[in-house]
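Chains as they are written, first to last, in the working numbering: chain A, 69 to 221; chain D, 129 to 369.
Treat the hints with caution; some may be incorrect.
Stated by the list, open to error - Restraint-style ranges between C-beta atoms, simulated for each label pair:
| id | chain 1 | residue 1 | chain 2 | residue 2 | range |
| --- | --- | --- | --- | --- | --- |
| 1 | A | Val136 | D | Glu183 | 51 to 61 Å |
| 2 | A | Ser123 | D | Glu183 | 12 to 22 Å |
| 3 | A | Lys138 | D | Met182 | 52 to 62 Å |
| 4 | D | Ser307 | A | Val136 | 36 to 46 Å |
| 5 | A | Leu106 | D | Lys297 | 36 to 46 Å |
| 6 | A | Ala129 | D | His288 | 40 to 50 Å |
| 7 | D | Leu177 | A | Lys130 | 32 to 42 Å |
| 8 | D | Met182 | A | Ser123 | 42 to 52 Å |
Unchecked claim - Restricting the straight-line Cα-Cα distance to at most 25 Å, the calculated cross-link-like pairs of lysine-lysine (DSS-like) are:
| id | chain 1 | residue 1 | chain 2 | residue 2 |
| --- | --- | --- | --- | --- |
| 9 | A | Lys184 | A | Lys170 |
| 10 | D | Lys278 | D | Lys211 |
| 11 | D | Lys211 | A | Lys109 |
| 12 | D | Lys278 | D | Lys181 |
| 13 | A | Lys109 | D | Lys297 |
| 14 | A | Lys117 | D | Lys297 |
| 15 | D | Lys297 | D | Lys278 |
| 16 | D | Lys304 | A | Lys117 |
| 17 | A | Lys120 | D | Lys211 |
| 18 | A | Lys109 | A | Lys132 |
Note that these hints are calculated values from the structure, not bench results.
Small disclaimer: the values here were computed from a predicted structure and weren't measured.
Virtual Cβ for every residue (Gly too), placed ideally from N, Cα, C.
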Amino acid sequence: MLAFNFFGATEGGLFDINATLPLMAIQVVALTYILNSLFFKPVGNIVEKREKFVSNNIIEAKNKLSEVKKLEADLLTQLQSARSEAQRIVSEAEDESDKLYKEALELANNEANASKEKARLEIESQTSAARDQLSKQADDLSELIVNRLILEK
Amino acid sequence: MFFNSLLTNFAALEVGQHLYWQIGNIRLHGQVFLTSWILLGALLVFISLGTKKMENDPKGLQNLLEFLWDYIRDLARTQIGEKVYRDWMPFIGTLFLFVFVSNWGGALIPWRLIKLPSGELGAPTADINTTIALALLVSLSYFYAGLSNKGWRYFEYYVHPTPIMLPFKILEDFTKPLSLSFRLFGNILADELVVGVLVFLVPLILPIPVMFLGLFTSAIQALIFATLAAYYIGEAVEEHH
Numbered sequence: 069m070l071a072f073n074f075f076g077a078t079e080g081g082l083f084d085i086n087a088t089l090p091l092m093a094i095q096v097v098a099l100t101y102i103l104n105s106l107f108f109k110p111v112g113n114i115v116e117k118r119e120k121f122v123s124n125n126i127i128e129a130k131n132k133l134s135e136v137k138k139l140e141a142d143l144l145t146q147l148q149s150a151r152s153e154a155q156r157i158v159s160e161a162e163d164e165s166d167k168l169y170k171e172a173l174e175l176a177n178n179e180a181n182a183s184k185e186k187a188r189l190e191i192e193s194q195t196s197a198a199r200d201q202l203s204k205q206a207d208d209l210s211e212l213i214v215n216r217l218i219l220e221k
Numbered sequence: 129m130f131f132n133s134l135l136t137n138f139a140a141l142e143v144g145q146h147l148y149w150q151i152g153n154i155r156l157h158g159q160v161f162l163t164s165w166i167l168l169g170a171l172l173v174f175i176s177l178g179t180k181k182m183e184n185d186p187k188g189l190q191n192l193l194e195f196l197w198d199y200i201r202d203l204a205r206t207q208i209g210e211k212v213y214r215d216w217m218p219f220i221g222t223l224f225l226f227v228f229v230s231n232w233g234g235a236l237i238p239w240r241l242i243k244l245p246s247g248e249l250g251a252p253t254a255d256i257n258t259t260i261a262l263a264l265l266v267s268l269s270y271f272y273a274g275l276s277n278k279g280w281r282y283f284e285y286y287v288h289p290t291p292i293m294l295p296f297k298i299l300e301d302f303t304k305p306l307s308l309s310f311r312l313f314g315n316i317l318a319d320e321l322v323v324g325v326l327v328f329l330v331p332l333i334l335p336i337p338v339m340f341l342g343l344f345t346s347a348i349q350a351l352i353f354a355t356l357a358a359y360y361i362g363e364a365v366e367e368h369h
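With the hints as constraints, model all of the structure from the sequences given.
Printed below as a string of structure tokens:
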């Protein structure tokens, strides 16, 4: 037994080193194994599982965010193209309707002119017919007058 | 002889008195084992209660244990390094918990009320056997860590950065356990003695600030012991280039 009898006692003293030392060492080693299986492993598992879960969720959220941003940009370009397409269609339709209007106007003008011409021609023919008839009646009348005058004589 | 009688009579302090247990040929300091079993039993009960029903959303004791685990992991990781800290975390954590529980248990529980035939109950870390046991375990650990991680290249550490360091590094292997054990032993024993003497001289109020100081010292000593142990292991596994 290794003992420094620091305080002069025949037995004991502050620096009395004995079998307490190796037994305490064995006890601490045993405690290490017990605490490892009772504390460090289970708590470590759950903490690390949670840390992994959180970091996975963060990564996932970041991925989703970037996806959302991409989709947003996509939608924006789609919206712009749709808008320009709509504008194009509207202006095209306007042009078309303009053209149709002009065509219809021309057609109507032509028709109106034609019917005016036709009416004029008819008026002319009727006028001439009426004039002919009138001159014929005048002839008849003059003949009648002449006959009468001749008869009275 | 004079010194001993002076100390035992003065302040009614029993310094260097032990409760001897005789098992066959070997003798043990019974009071050290008694207090350590009570304190470690309490620690194990506390930990079993906290880890009994573990959930992903920690509640109550589990929170505290997770905080403790995180604290020990940070300590081990900063000192030992990312690569091997996992292997040594249980050992470092056990050292921290053992020293902390022993120190605080010794300071907080009124052991003096329990009368023993010889010696008195107190912090297990106030016995030189305990602290030397812990320090030798640390020495074995860092040798084992160095040899298992780097093989014979571990001994490059002794001639790093120059061979002039060799005698100093060899000396260090002896001073490390010596300083570890005596620092802890001295601090805790001194704290117990100071409190004991003050309680004997002025039993009211005056010892209280010293007791708080003792609690502070106790916690710091646990942290220092664990940090140094981790640092020595980290030093042994560190790769030199």
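Each hint tested on the structure:
no.	hint	in the structure
1	A:Val136 to D:Glu183: 51 to 61 Å	violated, 32 Å
2	A:Ser123 to D:Glu183: 12 to 22 Å	holds, 20 Å
3	A:Lys138 to D:Met182: 52 to 62 Å	violated, 40 Å
4	D:Ser307 to A:Val136: 36 to 46 Å	violated, 59 Å
5	A:Leu106 to D:Lys297: 36 to 46 Å	holds, 37 Å
6	A:Ala129 to D:His288: 40 to 50 Å	holds, 47 Å
7	D:Leu177 to A:Lys130: 32 to 42 Å	holds, 39 Å
8	D:Met182 to A:Ser123: 42 to 52 Å	violated, 20 Å
9	A:Lys184 to A:Lys170	holds, 21 Å
10	D:Lys278 to D:Lys211	holds, 13 Å
11	D:Lys211 to A:Lys109	holds, 18 Å
12	D:Lys278 to D:Lys181	violated, 40 Å
13	A:Lys109 to D:Lys297	violated, 35 Å
14	A:Lys117 to D:Lys297	violated, 41 Å
15	D:Lys297 to D:Lys278	holds, 17 Å
16	D:Lys304 to A:Lys117	violated, 37 Å
17	A:Lys120 to D:Lys211	holds, 18 Å
18	A:Lys109 to A:Lys132	violated, 34 Å
Checked against the numbered hints given earlier, this structure breaks hints 1, 3, 4, 8, 12, 13, 14, 16 and 18; the rest are met.
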